[in-house]
Amino acid sequence: MEKIDKKNNIDKTENISKIDKIENINKIDDQNHEFENDVKDVTVNNKAPGKNTGRLKKILLLSIIFFMVLLLLFLWLAFTKSGRRVIYKIAGNVIHQGLNKEEIGKENVIIPIDESEQYKGKKDNATDTNVSDNTKDNKDEENKKEPRSEENVKNFLLFGVEEIDNAKNTDALLIASINTNDDSIKLVSLLRDTYIESGDGKPHKLNSFFSMGGANKLVEVIEDNYRIKIDGYAYINFESFEKIVDLLGGIDIELGEEEAHYLNTTNYISNPAYRNVSPGWNHLNGNQTLGYCRIRMVKTLGGTGDDYGRTLRHQRVLSAIFNKYKSKGLIDLILITKKILGYVNTNVTQSQIEKALEDIIENKIFSMKTMRIPVNGAFEAPLEYNGVKYPIINDWDANIIELYKFIYLDTEEDARKNLDLYR
80 MEKIDKKNNI DKTENISKID KIENINKIDD QNHEFENDVK DVTVNNKAPG KNTGRLKKIL
140 LLSIIFFMVL LLLFLWLAFT KSGRRVIYKI AGNVIHQGLN KEEIGKENVI IPIDESEQYK
200 GKKDNATDTN VSDNTKDNKD EENKKEPRSE ENVKNFLLFG VEEIDNAKNT DALLIASINT
260 NDDSIKLVSL LRDTYIESGD GKPHKLNSFF SMGGANKLVE VIEDNYRIKI DGYAYINFES
320 FEKIVDLLGG IDIELGEEEA HYLNTTNYIS NPAYRNVSPG WNHLNGNQTL GYCRIRMVKT
380 LGGTGDDYGR TLRHQRVLSA IFNKYKSKGL IDLILITKKI LGYVNTNVTQ SQIEKALEDI
440 IENKIFSMKT MRIPVNGAFE APLEYNGVKY PIINDWDANI IELYKFIYLD TEEDARKNLD
500 LYR
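Here the numbering used here is used: the first residue of the sequence shown is 80, the next is one more, and so on.
Just so you know, these hints were derived from the structure itself, not from any lab. Be a bit skeptical, because a hint or two may be false.
Stated by the list, open to error - Derived pair list, reagent style BS3-like, types lysine-lysine, alpha-carbon separation capped at 30 Å: (1) LYS407 to LYS434; (2) LYS308 to LYS233; (3) LYS322 to LYS403; (4) LYS247 to LYS403; (5) LYS405 to LYS417; (6) LYS233 to LYS468; (7) LYS468 to LYS281; (8) LYS322 to LYS407; (9) LYS233 to LYS223; (10) LYS284 to LYS137; (11) LYS378 to LYS443; (12) LYS448 to LYS484; (13) LYS405 to LYS284; (14) LYS417 to LYS443; (15) LYS407 to LYS417; (16) LYS448 to LYS407; (17) LYS224 to LYS322; (18) LYS168 to LYS247; (19) LYS407 to LYS168; (20) LYS224 to LYS137; (21) LYS308 to LYS448; (22) LYS496 to LYS322; (23) LYS284 to LYS448.
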């Protein structure tokens, strides 16, 4: 019995050992399986960062390339003349699109000369005399000399139109010249009462020609008499002028005692609520500024009266507007300019705008010089002359010489030679 029990115990022990070995083997297999899974996970995890790193590298590389392209584009646009011309072209297009553009032949803007008031009723009664006159006029036109024009000087006629009581007289007339010879903008005020003997045989004041034949006729008269080429024109009416000043936030003007009293006691400031100016510096809105520009019955601050005083006021206002415009930030300039353009009527082309921008910016033209024609001592101002009341009668030779010296930088001798050349 004992032997049997021992044998059974031995068998049990052996069985237990076998079971333990089997369990140990299973545990090892499980561990190996877990290890294999861990290795797979590690491999997978090692592969994922590799893919992400590759993508990040590609994104970073593309970002660097994009940034470099932008940087090179900026450097090209900002620091090369050809690049800046692209900017001028874009800006010129934006400005030109916003303007009220005019073309010869539009009835409401530029009236062809043979359809103006002076020719009404003559077409239907044409005679042989009329034909002879027309032939003579054509010959005179062919023989007429071109006015003075130079590559580095561009002249633009700027004027304001008075539309009170259906009138269309030009209340302010200025020639703005961009001169790249001395890098300046020059303003020449032309007195509106200047006596002109026109082609119809009747004398008129300079300010009447716009109502007779539109802007085209006015330009023709100025070229013929002042002997300079007008490269383009721009004009606004009183209402638009007020709005432009208001868009800029008003301007600062110094008033004398007489001026302040006059503005507060007359209707030159059309809105009675704004008749509250005072001697000294005033911040004027559009309505007040227009009233100031129209004064001519009292002397300016400094003692200049009549139309000469009004001309001086125009120059002061334009200088104040120019300085206020320059003081605006880039965003404000863009917004203001876009609104202002809609009030301006012009025949200036996009290429002219681009060239003007290039000339002003490339040459850093930020100064403005002013003069008046006629100059002192080169005119007469009778009460009446040839049926025209209170005209300004120019000594044309003397005034054109001074005009050439101012605009084209001529010496006295050169100005006289050019006067003979372009007379």
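To see whether the hints hold, each was checked on the structure:
{"no.": "1", "hint": "LYS407 to LYS434", "verdict": "holds (23 Å)"}
{"no.": "2", "hint": "LYS308 to LYS233", "verdict": "holds (8 Å)"}
{"no.": "3", "hint": "LYS322 to LYS403", "verdict": "holds (15 Å)"}
{"no.": "4", "hint": "LYS247 to LYS403", "verdict": "holds (29 Å)"}
{"no.": "5", "hint": "LYS405 to LYS417", "verdict": "holds (15 Å)"}
{"no.": "6", "hint": "LYS233 to LYS468", "verdict": "violated (34 Å)"}
{"no.": "7", "hint": "LYS468 to LYS281", "verdict": "holds (14 Å)"}
{"no.": "8", "hint": "LYS322 to LYS407", "verdict": "holds (17 Å)"}
{"no.": "9", "hint": "LYS233 to LYS223", "verdict": "holds (21 Å)"}
{"no.": "10", "hint": "LYS284 to LYS137", "verdict": "violated (75 Å)"}
{"no.": "11", "hint": "LYS378 to LYS443", "verdict": "violated (35 Å)"}
{"no.": "12", "hint": "LYS448 to LYS484", "verdict": "holds (13 Å)"}
{"no.": "13", "hint": "LYS405 to LYS284", "verdict": "violated (35 Å)"}
{"no.": "14", "hint": "LYS417 to LYS443", "verdict": "holds (23 Å)"}
{"no.": "15", "hint": "LYS407 to LYS417", "verdict": "holds (14 Å)"}
{"no.": "16", "hint": "LYS448 to LYS407", "verdict": "holds (22 Å)"}
{"no.": "17", "hint": "LYS224 to LYS322", "verdict": "violated (41 Å)"}
{"no.": "18", "hint": "LYS168 to LYS247", "verdict": "violated (34 Å)"}
{"no.": "19", "hint": "LYS407 to LYS168", "verdict": "holds (22 Å)"}
{"no.": "20", "hint": "LYS224 to LYS137", "verdict": "violated (69 Å)"}
{"no.": "21", "hint": "LYS308 to LYS448", "verdict": "holds (19 Å)"}
{"no.": "22", "hint": "LYS496 to LYS322", "verdict": "violated (45 Å)"}
{"no.": "23", "hint": "LYS284 to LYS448", "verdict": "holds (26 Å)"}
Hint violations for this structure: numbers 6, 10, 11, 13, 17, 18, 20, 22, all remaining hints satisfied.
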